[in-house]
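**Student:** Just so you know, the sequences run in chain order A and B. Using the UniProt record's numbering, you'd call the opening residue of the first sequence number 1 and step up by one each time. Using the UniProt record's numbering, you'd call the opening residue of the second sequence number 1 and step up by one each time.
Everything labelled a hint here was simulated from the structure, so no lab data went into it. Don't take each hint at face value.
A pair counts as met if it fits within one copy or between any two copies, since identical chains are not told apart.
[As the list claims (entries may be wrong)] Each computed DSS-like pair below joins lysine-lysine, with the alpha-carbon atoms no more than 27 Å apart: (1) K111 <-> K81; (2) K40 <-> K10; (3) K40 <-> K15; (4) K81 <-> K21; (5) K111 <-> K21; (6) K43 <-> K15; (7) K111 <-> K2; (8) K21 <-> K10; (9) K2 <-> K81; (10) K111 <-> K10; (11) K15 <-> K111; (12) K40 <-> K111.
These numbers come from a predicted model, not from an experiment.
2 protein chains.
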Amino acid sequence: MKLLEDRIRKDGVVKAGNVLKVDSFLNHQMDVPFFNEMGKEFKRLFEGTPINKILTIEASGIGIAIIAGLHFQVPVVFAKKSRSSNISDQVYHTIIHSYTHNCDNDVVVSKQYLHADDHLLIIDDFLANGCALEGLIDIAHQAGATVEGIGIAVEKGFQSGGDRLRSQGYRVESLAIVERMDPISGTIEFRSSER
Amino acid sequence: MKLLEDRIRKDGVVKAGNVLKVDSFLNHQMDVPFFNEMGKEFKRLFEGTPINKILTIEASGIGIAIIAGLHFQVPVVFAKKSRSSNISDQVYHTIIHSYTHNCDNDVVVSKQYLHADDHLLIIDDFLANGCALEGLIDIAHQAGATVEGIGIAVEKGFQSGGDRLRSQGYRVESLAIVERMDPISGTIEFRSSER
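With the hints as extra help, turn the sequences into a complete structure.
**Tutor:** Okay, structure coming up:
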C-alpha cells in the first residue's frame with residue numbers, strides 16, 4: 001500500500017536494534033483517518049473471503065482491527081494479556097513471548113467469543129518474528145475456528161515471521177513490508193508488491 | 001443513550017462485588033457496528049466543542065476512542081501501561097490504581113503527542129471510582145492541554161468517580177449510567193437522563 005509506505009518513509013524513525021518507530025501515527029498516536037484507508041485496503045484485499053470475526057491482541061492491534069471491523073461489519077475480539085478478574089475461567093490460553101518487553105505474556109480469549117464456526121481475519125499492527133500471530137493462531141485452533149487470513153500494517157520482511165507463516169499456508173497480507181532499513185542513514189526499503 | 005441501556009439490560013451480567021460484565025459487546029468482544037452508534041452519539045453530544053485530539057488508555061478504551069476519532073476526524077493517543085523500550089524517555093508519567101487487577105500501573109504518554117494547544121476529549125469504556133480518568137487528566141495537565149470533556153460508555157453511578165469529576169467542573173458524558181444493580185435478581189436500573 002503506497003500510502004503506508006510513503007507515510008513510513010515520512011514519519012518512521014529507524015533506530016538501532018531493528019527498531020522502527022512509527023508511534024506518531026500507528027501505535028501510540030493513531031491517525032484515525034489514515035487507519036480508515038488501511039481498513040478499506042484490508043476489505044479490498046480480503047473481498048470474497050467469508051470473514052465473520054476479527055481477532056487481534058491488545059493493545060496496539062485494537063485500533064486497526066476496529067476500523068477493519070467497521071469495513072467488514074463484523075465484531076472484533078481482542079486477546080488479553082494476563083488474566084483479569086472480569087474474565088471468566090472459561091478461556092483459551094496461550095503464552096506469547098514479547099521481544100520488545102523481553103517477557104512472556106499469558107494471553108487469553110474467553111471461550112464464549114470464539115467458536116468452531118468462526119472464520120477469522122487476524123489483524124495486528126506489526127509482524128516481525130511472528131510470536132504474537134502464532135499465539136493468536138494457536139487460540140483460533142483451540143476454538144476450532146478457521147483462519148481465513150492475516151492482515152498486518154507493517155511487516156519487517158528481514159525477520160522470519162511473515163515468510164514462515166506463508167510457508168505454513170497462511171494468507172498473510174501486509175500493507176507494507178520493510179525489506180531493509182538502516183539506522184545510520186535512516187533509509188527504508190520496501191519489498192516490491194504487485195497487486 | 002437508550003440503545004446502550006437496552007444492550008446492557010439484554011447482554012450485561014451483574015456479578016457479586018459490583019462487577020458488571022459487558023464483555024460480550026464492549027470490552028473483550030467488541031460489537032463494531034454498535035460502537036459506531038456510540039461514536040455518533042459522542043459526536044452529537046460534543047458538537048461545537050473545539051476537540052482536536054482524543055486521549056484514552058489501553059486496552060479497552062481504544063476501540064471506542066478510535067470510532068469516536070473517526071466521527072470527530074481527529075487522532076487518538078492512548079496512554080500506555082508500563083514503559084516500552086519503543087517509547088522515548090520523553091514521556092508524561094502518572095500512576096493509576098486498578099481495582100480490577102488490584103495493582104498500580106505506571107502510565108505514560110510521549111511528550112511528542114500531547115501539547116499545550118491540544119483540546120482533548122478523554123474517552124474510556126468504564127467509569128467507576130475514576131482513577132483511570134484522574135490519571136489521564138493529570139497527564140493532560142502536565143502537557144498544559146485543555147480537557148474539553150470526558151466521554152464514557154458505561155458509568156457506575158453508585159460509585160463516586162463520575163460525580164466527583166463533575167463537581168470538579170469537568171463535563172462528563174456517560175452514554176449509560178447504572179444507578180443500581182442487583183447480582184441476585186440481575187436487575188439493572190439506570191439514572192434517568194433528559195437530553
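**Student:** Each of the hints needs a verdict: does it hold here or not?
**Tutor:** Verification of the hints:
1. For the homomeric pair K111 and K81, the shortest alpha-carbon distances inside one copy (15 Å) and between copies (26 Å) are both at most 27 Å.
2. Taking the closest pair of Cα atoms, K40 and K10 come within 27 Å of each other only inside a single copy of the chain (21 Å); across copies the shortest separation is 32 Å, beyond that limit.
3. Neither within a single protomer nor between protomers do K40 and K15 lie at most 27 Å apart by alpha-carbon distance, with minima of 30 Å and 39 Å respectively.
4. For the identical chains of this complex, K81 and K21 are neighbours both inside a copy (22 Å) and across copies (18 Å), given an alpha-carbon limit of 27 Å.
5. Only between protomers do K111 and K21 lie at most 27 Å apart by alpha-carbon distance; the minimum there is 15 Å, versus 34 Å within a single protomer.
6. Proximity of K43 to K15 under the C-alpha cut-off of 27 Å is found in neither arrangement, the shortest distances being 32 Å within a copy and 38 Å between copies.
7. In the homo-oligomer, the alpha carbons of K111 and K2 never lie at most 27 Å apart, since the shortest distance is 38 Å inside one protomer and 29 Å across protomers.
8. With identical chains, the CA atoms of K21 and K10 are at most 27 Å apart within one copy only, with a shortest distance of 12 Å there and 43 Å across copies.
9. Taking the shortest Cα distances, K2 and K81 never come within 27 Å of each other, neither inside one copy (33 Å) nor across copies (32 Å).
10. Within a single copy, K111 and K10 get their C-alpha atoms only as close as 42 Å, which misses the 27 Å cut-off; across copies the closest is 20 Å, which meets it.
11. Proximity of K15 to K111 under the C-alpha cut-off of 27 Å is restricted to the inter-copy arrangement: shortest distance 19 Å between copies versus 39 Å within a copy.
12. Taking the shortest Cα distances, K40 and K111 never come within 27 Å of each other, neither inside one copy (29 Å) nor across copies (31 Å).
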